[in-house]
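Undergrad: Combine both chains into one complex, guided by the hints.
Take a look at the letters that make up each chain.
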Amino acid sequence: MGQYISRRSVHGLVSLIGLLILVFFLSRLTGDPTNLFLPLDASVETRQEFAERHGFNDPLLVQFGRYIGDLAQFDFGTSLRQQRPAMDAALEAFPTTLKLAAVTMFLAISLALIVGALAAYRPGGRFDRTASVISLAGASAPDFWVAIVGILVFAVSLRWLPTSGTGTWLHWIMPITVLLIRPFGLLVQVVRGTMISALSSAYVKTARAKGVKERVIIFVHALRNSTLPVITVAGDQAAAIVNGAVIVETIFGWPGIGRLMIDSIIQRDFAIVQATVLLTAVAIFVMNIVIDVAYAVLDPRIRHN
Amino acid sequence: MKRIACLPVAALAAFALQPVAAQAQDITIVLSEEPDLLEPCQSSRSNIGRVVKQNIVETLTEIDPNDGTITPRLATEWSQVDELTWRFQIREGVTFHDGAALDAEAVAYAINRTMDENLDCEVRTKFFGGLKVTPTPVDTYTLEVATDSPVPILPTMMGTVTVMSPNTPMGEPDREPVGTGPYKFGGWNVGTNITLARNEDYWGDAPDVANAAFVWRSESAVRAAMVATGEADIAPNIAVQDATDESMDVSYPNSETSRIRIDTMIPPLDDVRVREAVNLSIDRDAIRGSIFSKDVIPATQLVVPSINGHNPDLEVWPYDPARAKELLAAAKADGTDVDAEITMIGRLGIYPNSTEVMEAMHAMLQDVGFNVKLQMLEVAEWVDILTKPYAEDRPPVLQQSQHDNNNGDAVFTAFNKYHSEGAQSTMADDVVDDLLVRAGAATGDERRQLFQDAFKRINDEVIADVPMYHMVGYTRVGERIEFTPSISTNSELQISQIKMR
Numbered sequence: 057m058g059q060y061i062s063r064r065s066v067h068g069l070v071s072l073i074g075l076l077i078l079v080f081f082l083s084r085l086t087g088d089p090t091n092l093f094l095p096l097d098a099s100v101e102t103r104q105e106f107a108e109r110h111g112f113n114d115p116l117l118v119q120f121g122r123y124i125g126d127l128a129q130f131d132f133g134t135s136l137r138q139q140r141p142a143m144d145a146a147l148e149a150f151p152t153t154l155k156l157a158a159v160t161m162f163l164a165i166s167l168a169l170i171v172g173a174l175a176a177y178r179p180g181g182r183f184d185r186t187a188s189v190i191s192l193a194g195a196s197a198p199d200f201w202v203a204i205v206g207i208l209v210f211a212v213s214l215r216w217l218p219t220s221g222t223g224t225w226l227h228w229i230m231p232i233t234v235l236l237i238r239p240f241g242l243l244v245q246v247v248r249g250t251m252i253s254a255l256s257s258a259y260v261k262t263a264r265a266k267g268v269k270e271r272v273i274i275f276v277h278a279l280r281n282s283t284l285p286v287i288t289v290a291g292d293q294a295a296a297i298v299n300g301a302v303i304v305e306t307i308f309g310w311p312g313i314g315r316l317m318i319d320s321i322i323q324r325d326f327a328i329v330q331a332t333v334l335l336t337a338v339a340i341f342v343m344n345i346v347i348d349v350a351y352a353v354l355d356p357r358i359r360h361n
Numbered sequence: 226m227k228r229i230a231c232l233p234v235a236a237l238a239a240f241a242l243q244p245v246a247a248q249a250q251d252i253t254i255v256l257s258e259e260p261d262l263l264e265p266c267q268s269s270r271s272n273i274g275r276v277v278k279q280n281i282v283e284t285l286t287e288i289d290p291n292d293g294t295i296t297p298r299l300a301t302e303w304s305q306v307d308e309l310t311w312r313f314q315i316r317e318g319v320t321f322h323d324g325a326a327l328d329a330e331a332v333a334y335a336i337n338r339t340m341d342e343n344l345d346c347e348v349r350t351k352f353f354g355g356l357k358v359t360p361t362p363v364d365t366y367t368l369e370v371a372t373d374s375p376v377p378i379l380p381t382m383m384g385t386v387t388v389m390s391p392n393t394p395m396g397e398p399d400r401e402p403v404g405t406g407p408y409k410f411g412g413w414n415v416g417t418n419i420t421l422a423r424n425e426d427y428w429g430d431a432p433d434v435a436n437a438a439f440v441w442r443s444e445s446a447v448r449a450a451m452v453a454t455g456e457a458d459i460a461p462n463i464a465v466q467d468a469t470d471e472s473m474d475v476s477y478p479n480s481e482t483s484r485i486r487i488d489t490m491i492p493p494l495d496d497v498r499v500r501e502a503v504n505l506s507i508d509r510d511a512i513r514g515s516i517f518s519k520d521v522i523p524a525t526q527l528v529v530p531s532i533n534g535h536n537p538d539l540e541v542w543p544y545d546p547a548r549a550k551e552l553l554a555a556a557k558a559d560g561t562d563v564d565a566e567i568t569m570i571g572r573l574g575i576y577p578n579s580t581e582v583m584e585a586m587h588a589m590l591q592d593v594g595f596n597v598k599l600q601m602l603e604v605a606e607w608v609d610i611l612t613k614p615y616a617e618d619r620p621p622v623l624q625q626s627q628h629d630n631n632n633g634d635a636v637f638t639a640f641n642k643y644h645s646e647g648a649q650s651t652m653a654d655d656v657v658d659d660l661l662v663r664a665g666a667a668t669g670d671e672r673r674q675l676f677q678d679a680f681k682r683i684n685d686e687v688i689a690d691v692p693m694y695h696m697v698g699y700t701r702v703g704e705r706i707e708f709t710p711s712i713s714t715n716s717e718l719q720i721s722q723i724k725m726r
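So the protein sequences, as listed, match chains A and B.
So the mapping is simple: my numbering equals the position in the first sequence, first residue as 1, plus 56.
So the mapping is simple: my numbering equals the position in the second sequence, first residue as 1, plus 225.
Bound conformation, chain B alone (with noise of 0.2 Å):
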């Protein structure tokens, strides 16, 4: 009777879920959070990136997520025409969505609204803080970009720069992006969704999918129950527990590495004794596989290693309590004080289980003997203490970190986190300071190879952090399609590299 019963409502729900079957090559893709504004020079936004970043709008030059290097997109070719200029090729034929044609004026235009002050582009402020770039045409398809101190990897930092229409309007934020990408921008229902459909006239090849619309929902466990149910078809970022059905959900590294910040300028974490106890009284291997996925790999350096700089050479921190007991006891005898109170700040939130891993490391340091505290803050409170200028009164502090760089280059880590003037620095250090200031003028073999020095440096001699793990991120993929994500899958996601099955 009540299987009966249950029929009509079972039927009746059927047809009533039927409109959210898509349509063989439609797609819905889920997200964690609406964007805010679909505004292209904000594209480096996780957010607006997954929706516009190489969907509507492009880039002259591409990031290879494997290894870093540098492609064509909508630049053919780049030569260095002095060390403060480089010239662009554009490429011809094509057009933007509204019909406007790309060329040299449109590249110029687009850069000059990214720099606008007025649009605070997190473009601008991430990777061209505080240098003026000046965008020239030299013919219809050549273009110089000449900025005012030497930057020799402008290619590759052209790759965070989207081109929109020149029709956008200068000094306001876009809501409707047009750009020249595969796919054109379809509609926005706020607090609903946003809709892409493919452009019947791209330049390159015709994508498989003809319609994405994106959808978002901030509990994980419900964006991996709408691809498990069919309703959506990507969940490109979801939490390890829910990561529970190995035919759907993949592990990538998300280009994140953790770390443990050491302010190195506060007893007694100024004596590189206590800093080295720090590293060696952590577990690393405890930590992985328990609270943390198995998948994440024990760092040495806060860069990944497909990042133009990293030094493969480097070696983890063993876990090893006598010795850091030993090097307590003999910064001790020297007159440091080694009981002093040290304050652990952790972040809510900054990855699954953050709590619960500073906890553990918590215990591990009392373990050894280390007199510390747990304090986790909200972000913005956080990030006052993460950034310069520091309190000068402020109490020595370990603290928990993580940096994303799926960008090809340690330029845009190293200086920022280990240059005594970085704002995130809590170190000086004149040997790391020059090896900074040559590997961001250098290019090639010699550029890598003083960026690996400096890390070196930075993990072996300064000890500046407790570099934790090159995280991972899942991503649940529908049975209907074909999509391997990558690294760069943090920062966007591109739907004509998805296949229909």
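Pulled out of the complex, with its shape left as it was, chain A reads as follows (with noise of 0.2 Å):
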């Protein structure tokens, strides 16, 4: 396992220095931070001088050159607009998302394993017919809509809740709802599919005929060998919160890193956005290599291989 760890460990460096290296040059062609940073009323000669001074006018090579040398001495660069180390920003506004994702997608397995699993017991029955209905509302409502329309429910019409921002639990209602939504829904399809095919094999017949009970047979039987897809799908889905909960952090006023990359991409504040990068991608690095380990421990086969 150490060995395999090893070896995933350096494919993970490699495809973090492609991607460093790929950041730095997509985010440039994006265009001179001056004219976004600069009122529009500066003179062409504030521009120039403005741009030379931050190095904004040296040939590109020269500008990455610049960038690795410094990475190499684990200098993230300076944020052009917060005018301080661009990881901090990112390490201040990282552990908002890592929480958020946290709870979200605890919540969403757990709620989508039990309600997949009884969905499955009988395929095409009440129960199965409304957790598809709900699930699949769910994977394709825009969360951008279902904020909004939560923000307007609960918080201006019922005043059950904050609208937004953080401080109380009840602050955390609202974001984790709206996030949880898609995952769920995607999770539920996956899992009831898993267990219709789980619940017809023969392992489950046998389990039937022996006269085990049936809550022990979906329960313990029939799910663990349905929850490695489920694991494949929850990771990817985990991935896409911890990536930037963007939605959610906007709307509900989250310091998330999420909101954190998007402003600083709108502000072509590069060092930032290279610091959020490589913070997230070693986040999904890691986190995959959790869901190979969670692979092997589930399933012998796999770890005997």
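In silico contact screen, one side only, chain A against chain B (beta carbon under 8 Å); selected entries: (1) Leu94; (2) Glu101; (3) Ala211.
One side of the interface only, derived from the structure: several residues of chain A facing chain B at Cβ under 7 Å: (4) Asn91; (5) Pro95; (6) Gly309.
Just so you know, the hints here were simulated from the structure itself, not pulled from any lab data.
In this text, a Cβ means the ideal position worked out from N, Cα and C, and glycines have one as well.
TA: Shown next as structure tokens:
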């Protein structure tokens, strides 16, 4: 297992280096930050002086060399807008997104396993049809729309929840719900599909013939064998959330990394773009390793191979 | 049964929401974005200015939003010593929040710090670009400010320079500003809020509000909802579609003027008849009250009526497609290629419904016979086209833009936009150049008249743009407070002007 993790780490490092190079050049393609930083009324001379002083006039390869040199010393650059180390800003925002992602995925997986398993027990039954409609609607609903409607209904009309912001446990309810809907919908469908095939397998029939309780058959025998595809899809969904719960963070005013990344892309704050991409890439890489290990733990065939 | 089930939820919610309810004299202001710094010399940026300007840090002079006149703030009086020098008398008995005394030395330090190139201060790049400013204390409370070229409106320009404590480091951006204002910086919980507390030793009248918290939400609908639910007391800037409650929403002229800039250098737009036809093709009344708010005012020039130099005698271009067609036919008969493709460049999100208004104008121009194509660009690409140096092989362009001037004088607009050497000028007219240079050096009535003459020529004879509207913003004000937004609400929000009900 140790050897496997080391091998994956080397692969991950190569991917990270490639990603950083790609992000550096792609972000520069979006234009010179000078025009966005300075007021529209700034003179041509002021613009040239600013670009010169910040090195934006240098050839791209010179800028790249400088960037790699700094990176080698773990210097991720200084934010043009915030005038402080870019990695500080990224690290400050990251825990918020991580907390959101962790709670969301925990709830999404738990609920999806229960609902998906029960739906698969009687395919085509009333519970299955209801669960399918709700989960498909959830997987297809645009989250910005759900968020705004949620605010209008639960905050403005009913006054049950705060509109946005952080501070109390009530502030978590709407962001988590909005973030949860899509992965929950997808996961219910995956659990349902794999459970239907597991429940019609020979070992389930054997268990039934032996008189094992239905609850045990569903949640112990069949569900355990159905979790591998669920973990794969859940990993993808978790990566999407870590990569930036942009909509939720923006609408609900959560100071997470998704919002920071989008703001810095809009403002051409390259140092922060690079730092946030690096941080999320590392997080996704670590998560993939965890998922691989989880496969091995859950499925002895993978472990022995 | 369902109602009973809801009760505990509602009770819990009410309990948990209690901390949100503010103290009697505390208010919450919800902005559209978090400031990236709290640097006083960046206070011309609205997200920074609304927090710090005239709240934490003050200026020597202040511009009256109603008529653009200059009133005393940290300077009590001023006079011109010679063509290049002004003398300011600094208010006595004022101290900074950190205990330092306000005197001529402190003001000189603040001016020098603002002019420091390493700080990239927007106040410098926006208002003092290319100007060398030298402050010299004459005695404890007298300061002389010299410039390397005549600046007849230096007292107006001093309304943009904020005075921070002399203990603020030179050359380093500030995140914890210290000034002389009615509020002290309380704290900045990054990503969440910024708090200000009343300065009990303030030199002026004690303000009503004890503590203010600034929070930020980028969605206009959320900002409006926050005021509606009492989570916030003011949302200075909400979109027109969210201003749905007349009891809370106030429209105000936000000092912005929208226009379509015409590149007068490139055929067929170098023919004045074609430029006039463009203006006559636009039905401004159809756009007002449909795509734009009904409160916008059709414009004739790029400065609002309260700005010194605005010409009240100019007339809004009428909607006259028949006359536009005649002009195009006449230009074509004289050899102008009126069928050449003209590119309309818009900017996504420059103001609410920016795409829709460009689509409407695109259709109006097509109806008259123009061969136009529309391109909506993201801000960086749009700025590249807006500012010099221009590409030599550029196509004929009609460019959507918007200009903000709430600084009292037309000089902040006219040279940059219309002088042949202006960074965003797409015209070259010797008469306008001469008028603008003379206006910039003149004072009083002569200055006003020269700017008015320049605007008349730009609009009636050169026809350098399609003036659209003097725009409006919407502020939502909660029921706990009294606040009237003004033209300056676009860049500052003086908490001392807010009264508790």
